[in-house]
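Engineer: The lines below spell out each chain.
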Amino acid sequence: MLALWLLINLVKDPTEFFSVAVIGLTNGSVYALIALGYTLVYGILQLINFAHGDVFSLGGLLSATVILDAFDLTAASSAVAIVIGVAVSLLIAVAFSSALNTTVELVGYRRLRNAPRLAPLITAVGMSFILQNVGLYFWGPNYTSTDNLIPNSAAFSIGGVDFQWDNLVVILLTMPLLLALTWLVTSTRQGKAMRATSQDPEAAAMMGINVNRTISFTFALAGGLAGAAGLLYVLQFTTIRFDQGFQLGLIAFTAAVLGGIGNLAGAVLGAVIIGLIEAFNEGLEWHAAGSDWTRSIVFGLLIAILVFRPEGLLGERTPEGA
Amino acid sequence: MSTTATDRGTDSGTVVLELNDVHTYYGAIHALKGVTLDVRAGEIVTLIGANGAGKSTTLRSINGLNHARKGAIRFSGRDITGAAPHSIVKMGIAQSPEGRRLFPRMSVYENLEMGAFQRKDRSNFKGDLDRVFQLFPRLAERRQQKAGTLSGGEQQMCAIGRALMARPKLLLLDEPSMGLAPIFVEKIFEIIVEINQQGTPVLLVEQNALMALDVANRGYVLETGRIALQGEAKDLRQNERVRQTYLGET
Ligand SMILES: Nc1ncnc2c1ncn2[C@@H]1O[C@H](COP(=O)(O)OP(=O)(O)OP(=O)(O)O)[C@@H](O)[C@H]1O
Ligand SMILES: [Mg+2]
Chain A
0 MLALWLLINL VKDPTEFFSV AVIGLTNGSV YALIALGYTL VYGILQLINF AHGDVFSLGG
60 LLSATVILDA FDLTAASSAV AIVIGVAVSL LIAVAFSSAL NTTVELVGYR RLRNAPRLAP
120 LITAVGMSFI LQNVGLYFWG PNYTSTDNLI PNSAAFSIGG VDFQWDNLVV ILLTMPLLLA
180 LTWLVTSTRQ GKAMRATSQD PEAAAMMGIN VNRTISFTFA LAGGLAGAAG LLYVLQFTTI
240 RFDQGFQLGL IAFTAAVLGG IGNLAGAVLG AVIIGLIEAF NEGLEWHAAG SDWTRSIVFG
300 LLIAILVFRP EGLLGERTPE GA
Chain B
0 MSTTATDRGT DSGTVVLELN DVHTYYGAIH ALKGVTLDVR AGEIVTLIGA NGAGKSTTLR
60 SINGLNHARK GAIRFSGRDI TGAAPHSIVK MGIAQSPEGR RLFPRMSVYE NLEMGAFQRK
120 DRSNFKGDLD RVFQLFPRLA ERRQQKAGTL SGGEQQMCAI GRALMARPKL LLLDEPSMGL
180 APIFVEKIFE IIVEINQQGT PVLLVEQNAL MALDVANRGY VLETGRIALQ GEAKDLRQNE
240 RVRQTYLGET
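These protein sequences, in sequence, are chains A and B. If you read the first sequence in numbering that gives the first Met the number 0, its first letter stands for residue 0, the second for the next number, and so on. If you read the second sequence in numbering that gives the first Met the number 0, its first letter stands for residue 0, the second for the next number, and so on.
Bound-form chain A, shown alone (with noise of 0.2 Å):
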């Protein structure tokens, strides 16, 4: 059915079709890096950190802090100041929101745990509440707004569908960022060191992994990709909130179920699919819900993923938990 109606929208016009789709692929890229951080500290603690959504929002924040106040830049800036002014926003975000993760870990968690599962998961909602406070603090309650950084003419146009510039800039900044996540967790010393950690903690110290360090790199490179999202976020919606994070979290979390939570890939693909649902639900002409249903129809499909496949799409049904 679901197949059948994209079909018959994409068969009466398919110009508007691919470009939903195209947003729909910047929602998710979005998502995905935000879903990948939930994903991989479950991975390795079996700990939903609810204050990850915040750390988003709180790098978010401050790299609209800092493309308004340290780089002026507005949409009549030389194209070269935004490049410049972007790239620095992106590394300054990044570096703030692993560190932030990072603490997040060592203040809020470490101490429990070998406590019941309980006590990280209630930690991990406070934590949450004092990010979005330490936001309401520093940015109050309005929206930061940005200029319209990136124009969101076309870029380029395939057979009457434009690329625009926003949106191929956000799914070009993602693309490499996956890339080298999977590179770093498949091929190096310290992603081996997740995936043993992760695996099995105590055999991974027995071979002489410092545990503790792996962990807090977990938490940072969730923190980085967290900050590079509200990077990213900023130059496609120009404008974000001090609680932000808690509704994307949401969704990226479901994502990141969605996928089978503690792989990677799954939370990518639970990611597209969730932002293409949202794309096509909300921009297809042809009998669509509409986005008043959009969060219904995506917590539908998690409900329905979770009673039919309580793995997730991609994850393993392992003995010993995903």
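Source of the hints: derived by calculation from the structure; they are not laboratory data. Don't take each hint at face value.
Label pairs and their calculated CB-CB ranges [said to hold, decoys possible]:
1. Gly247/B x Ala179/A: 55 to 61 Å
2. Gly26/B x Asp68/A: 48 to 54 Å
3. Gly33/B x Thr181/A: 48 to 54 Å
4. Asp37/B x Asn132/A: 54 to 60 Å
5. Ala179/A x Asp37/B: 45 to 51 Å
If you want the footprint, here are the derived chain B segments under chain A, 3+ residues with CB under 8 Å [unchecked claim]:
6. 79-85
7. 107-118
Computed from a prediction, not measured in an experiment: that's the story for all the values here. C-beta atoms are modelled at their ideal positions from N, C-alpha and C, and glycine is treated no differently.
Given the coordinates of chain A, assemble chain B with the ligands onto it according to the supplied hints.
Structural biologist: Quick look at chain B with the ligands alone, frame taken from chain A:
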């Protein structure tokens, strides 16, 4: 078993590992109540005892996973009582733990690679890998298989191989014969002797006291967290109490 303690003589070499009045707890449970033992260069020392006597806890005190609350542990003259597990591995203590503890979703090859994780001399990796594959040809056949899907015996080989990949200065083995077919048990003990003859001292925890005392130079008998008996393996083998309680002889 061709080589026994008596053949090799009891080497009274330098002390490699030394536990002095070690007390270890699990929360309020007092699991080790003053364990004193040592392992010297060139030796196989076995630690035997009933279920729950504290054998694994002794190894976990040495490797830093459960720090001793009282007493001291010294390795090559250095105090390691409160050291972090990863730094203890770095100093040269490797192990095949109780229950094998392989990384189930990593291949056999990757598991062996993890065994060499802390080593700086990457260059000898290949040679050590060959040595492990030579000891356990089965592992070579299964190198790409996920460790979680190996049979129990194969997992045991992989766990021992992984420990060897660390090129340890001291090898801790917790029930290496557990769950193995009798023919494999023989083979594992032969390999332990072989590893030892290549120069690695071994602290061997075993349920199979008969085999353990056969290959060991010295032994300790642990009863509810205390050393009840100790001595030359061949003497323990003849000891009335050991024969009745641990060797099932009357
Ligand atoms: N994680 C734990 N929490 C609480 N008590 C523990 C824990 N691990 C072991 N113990 C207790 O400590 C004591 C020693 O256990 P240990 O595992 O060292 O015995 P063992 O000699 O290795 O026995 P086995 O031959 O069955 O392996 C036992 O009484 C056991 O119940
Ligand atoms: Mg034991």
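Engineer: Against this structure, judge whether each hint is valid.
Structural biologist: Tested hints:
{"no.": "1", "hint": "Gly247/B x Ala179/A: 55 to 61 Å", "in the structure": "holds, 60 Å"}
{"no.": "2", "hint": "Gly26/B x Asp68/A: 48 to 54 Å", "in the structure": "holds, 53 Å"}
{"no.": "3", "hint": "Gly33/B x Thr181/A: 48 to 54 Å", "in the structure": "holds, 51 Å"}
{"no.": "4", "hint": "Asp37/B x Asn132/A: 54 to 60 Å", "in the structure": "holds, 57 Å"}
{"no.": "5", "hint": "Ala179/A x Asp37/B: 45 to 51 Å", "in the structure": "holds, 50 Å"}
{"no.": "6", "hint": "79-85", "in the structure": "holds (count 3)"}
{"no.": "7", "hint": "107-118", "in the structure": "holds (count 6)"}
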